[in-house]
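Trainee: Assemble chains B and C onto chain A, guided by the hints.
First to last, the sequence lines map onto chains A, B and C. Counting from 758, one number per residue, gives the positions in the first sequence under my numbering. Counting from 1284, one number per residue, gives the positions in the second sequence under my numbering. Counting from 713, one number per residue, gives the positions in the third sequence under my numbering.
Don't take every hint at face value.
Cβ pair distances, simulated, as ranges [to be verified]:
{"#": "1", "chain 1": "C", "residue 1": "Ala988", "chain 2": "B", "residue 2": "Pro1464", "range": "38 to 44 Å"}
{"#": "2", "chain 1": "C", "residue 1": "Thr817", "chain 2": "B", "residue 2": "Pro1494", "range": "30 to 36 Å"}
{"#": "3", "chain 1": "A", "residue 1": "Gly895", "chain 2": "B", "residue 2": "Pro1464", "range": "55 to 61 Å"}
{"#": "4", "chain 1": "A", "residue 1": "Ser921", "chain 2": "C", "residue 2": "Thr860", "range": "56 to 62 Å"}
Which residues of chain C face chain B? A few of them, derived with a C-beta cut under 8 Å, are [as the list claims (entries may be wrong)]:
{"#": "5", "residue": "Phe733"}
{"#": "6", "residue": "Ile748"}
{"#": "7", "residue": "Pro829"}
{"#": "8", "residue": "Ala944"}
{"#": "9", "residue": "Ala946"}
{"#": "10", "residue": "Leu950"}
Note that these hints are calculated values from the structure, not bench results. The beta carbon of each residue, even a glycine, is placed where N, CA and C say it ideally should be.
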Amino acid sequence: MTDPFLQIEHVRKSFGPTTVVEDFNLDVGRGEFVSFLGPSGCGKTTVLRMVAGFEEPSSGRIVIGGKDVTHLKPNQRNIGMVFQAYALFPNLTVAQNVAFGLKVAGVPKPETERRVAEMLNLIKLPEFGGRYPYQLSGGQQQRVALARALAPKPKLLLLDEPLSALDAKVRVSLRDEIRSIQKELGITTIFVTHDQEEALSISDRIVVMYGGKAEQVGTPFEIYNRPATKFVANFVGTLNVLEGVVSDAASGKVRIDSQELSLKGKLNGSKAGDRLSLALRPETIALGPKPGHDASLQGQIADVHFLGSVIRVRVGLGGGVVSLDTFNNSSTPPPTVGERAEISFSSNDLLVLH
Amino acid sequence: MKRAIAWTAFLLGSLIFILPLVGMTEFSLSMRRGVYSFDAYASVLADPQFRETFTYSVVMALFTIVFGVLLVVPTAYWVRLKMPALRPVVEFITLMPLVIPAIVIVFGYIRLYNTSSWLPLTGTAMGTNVLLMFGYTALALPYMYRAVDTGLRAIDIATLTEAAQSLGAGWTTIFAKVILPNVFVAVLSGAFLTFAIVIGEFTLAALLNRPAFGPYLQLVGANKAYEPSALAVISFGITWLCMGLIQIVARLAPKPPAQSH
Amino acid sequence: MSQATSLSRRLPTQWLGVVPFFLFALLFLILPALSIVIGAFRGPDGGFTLANIVGLNTPTIRNAYWVSIYVSFWSALLGCAIGFAMAAATVLGGLPRFIRSPLLTFSGVASNFAGLPLAFAFIATVGPAGLITVWLRTEFGINLRAATGFNLFSTTGLIATYLFFQVPLMILIITPALDALRREWREAAEILGATGAQYWRMVAFPILLPSLLGTFALLFANSFGAVATAFALAGPQLNIAPILLFSQIRGDVLGSPGLGYALAFGMIVITGLANALYLWLRARTERWQK
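Chain A with its partners taken away, still in its complex shape:
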């Protein structure tokens, strides 16, 4: 990256004997939107809190805009932050909440008022300045929290699971709103979430974290389609994993239960007898043969879920079960449970996880 705005270098954090973040490295470009994605306890929030200054790294360096801030207090970093929920000051009105950062910075009153009005317009709540937080819905509160974080014109915006306490519908609309405001202001943003759909839809890049380490850093497209590790493949999107054993490395033959697949050129470095995990996204699998699909397996329909536009079918393959999605077609009735079935896919879509 030519002009990294935020640099996290070899950052490590341990609380007593337990290490929660191990050697974390990341460069974030100016104006970039980066998500930290992972299950709870993976260290994503700890990294965010170290960037904010609430935790001090055990070792390593954090640089913002060329300035080493590793040991600076949070109130000297000029960062905006939105918390999970209920972080608005309950004793202050919406306008006073938004003005808080300006007030402590000693911004003159007329300018503060102008800026508050501008922020309330930005979050589309211009009439709400006089209300108290308890009078707002959860989604409105989080928008105010965003306005409050942005009012002092921070150089960096941190979002700590800001949507997780909201209900599904509000979550999607606020997610889009956050992204459009972020683009409009061009502010460098880090977004922490455990929801892969959220991360995929909103980010320029995603850092998938597990066990205190970054498993993979990449664009949503890369993360979804080319997961680097088994964890990433499993965590992001739905995935069918088939356990196989290499029967002939040279010709690319892999045995799955009693069936054999030919995967030429995908088994580099494996030898006969190696165990492999083969992963397939549900949308890459078809029922029956399909043009371009060069591999197939035999099985039996185990389950049929009608989801509206899509039908999710689960097919038993001896030892394992795979899920696949077919589009609902009004002229073709869905398969029935117990029927024998063949599934097909392109070996290019098969992910080999070592």
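Mentor: Below, chains B and C without anything else, positioned relative to chain A:
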């Protein structure tokens, strides 16, 4: 730095408690010159007046607890279940004893229920005992009501009541077999607190001229040197016991079902 | 049971359920208080009069009220301050977790340890022959009373003694309020550039203010009506309102029953005013609550 200030504040504040407790204990053991002894305690325990007044106060406390429970539990239950609109009024009334000093309340009793009034409770010893019990119930009302109301909040009384009704239970059965066992722990906390309040109470008993433990303490305090400290240690022990028992029964309390998110 | 009978039974039983409570409250709380109020405005002939209230304006009674307010005010204020410091040290100051539970249990005990035994404990400690008094005299040759002006049997001594139950009461009430301060509020303030002092002034203190005011009013009333401790410390001579009233009930020392009622009425007015002030302030500070 922050922790050092915290420790300093904590330890300095603790002196307010520790010093008097050490002082009274040391003093209570110092009746015999030069050596520590339990002479003061022996002297107290040998005093027949101690036993009489203490027994009187224990009995008063027990009656107060029974009456308080019978008064508060049905009311709190009924208000929660059927008349939630009355809650602010009932709560206001239960808090009144915290605002109106006990001495004013008992002054009112003497004026209202004297020998020449329409209800001459103070005319007989038994009548005065009953009046004293009512007074103690009033003093304990804020604590008793809050304990029971908190206990009721922890269980879903509406569902419990409906379930019992659907099985054909009448109000007496519902109350005795369903509600009371479920708030038993809360009632016990209120009971121990009531006991702690009643046992050493002075003002009401003194002004109604009843031979209670409180006035006896005052008498000893005015006339003896070491015995008051022994009595203070004993009283402190009783208070500890009551609060300790509250803690123990609180641990046995039914926990409200965990909310799933 | 048929629908009709269940309906016809519902209305009366609904009110019947609260009758015992209201009857009790009427007979043993409301009417007694009311009878004092009425007595305060009734002359010896039974007619309405303001003479009793006017009669309160004597040096003795004025002084009794004044000393009572003084003692209650300072014991409540110091109780709030010390209790707050201890609770804040425990909740926010990073003291080890294991201190908390014993502190709260102990506070429950100490806040209920009042009356005569408490006075005895203080006499045994800082009274003329008390542990500390004697220790200071024999070890350092310091006369506590002469050196510091501290006299247990004065208002200062009364305030110090009341702290024994005022401080733990404050701890019991304010600890949950401190727990309710969310970590996010502090962090949000910090990241917005606020210093610790700014956070306290603009966020934490305003949020705690209703609890602080409420506890202050409670502590004030608590010590204002306390008779036993003061009686045991200083005897009937100490001129504070509740002791004066005590003597009046026992032996009509004021020489006029009506004046006694007026004295008691004045006490209700003062604790009532303290609470009204509290309610008014709370309404002003609590606009942001549901």
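Trainee: Decide, hint by hint, whether the structure agrees.
Mentor: Structure-based check of each hint:
As the Cβ distance of Ala988/C to Pro1464/B is approximately 41 Å, the hint placing it in 38 to 44 Å holds. Hint check: Thr817/C to Pro1494/B, Cβ distance near 33 Å, so the stated range 30 to 36 Å holds. About 39 Å separates the C-beta atoms of Gly895/A and Pro1464/B, a value inconsistent with the hinted range of 55 to 61 Å. For the pair Ser921/A and Thr860/C, the supplied restraint of 56 to 62 Å holds, since their beta-carbon distance comes to about 59 Å.
Hint status for Phe733/C relative to chain B: holds, with the closest Cβ pair at about 4 Å, below 8 Å. With a least beta-carbon distance of about 5 Å to chain B, the hint placing Ile748/C at the interface is held under the 8 Å criterion. Against a cut-off of 8 Å between C-beta atoms, the interface hint on Pro829/C holds, since the closest Cβ of chain B lies about 4 Å away. The interface hint given for Ala944/C is met, as the beta carbon of that residue sits about 5 Å from the closest beta carbon of chain B, less than 8 Å.
About 11 Å separates the beta-carbon of Ala946/C from the nearest beta-carbon of chain B, more than 8 Å, and the hint is not met. Checking Leu950/C against chain B by beta carbon gives a least distance of about 14 Å; that is not within 8 Å, so the hint is violated.
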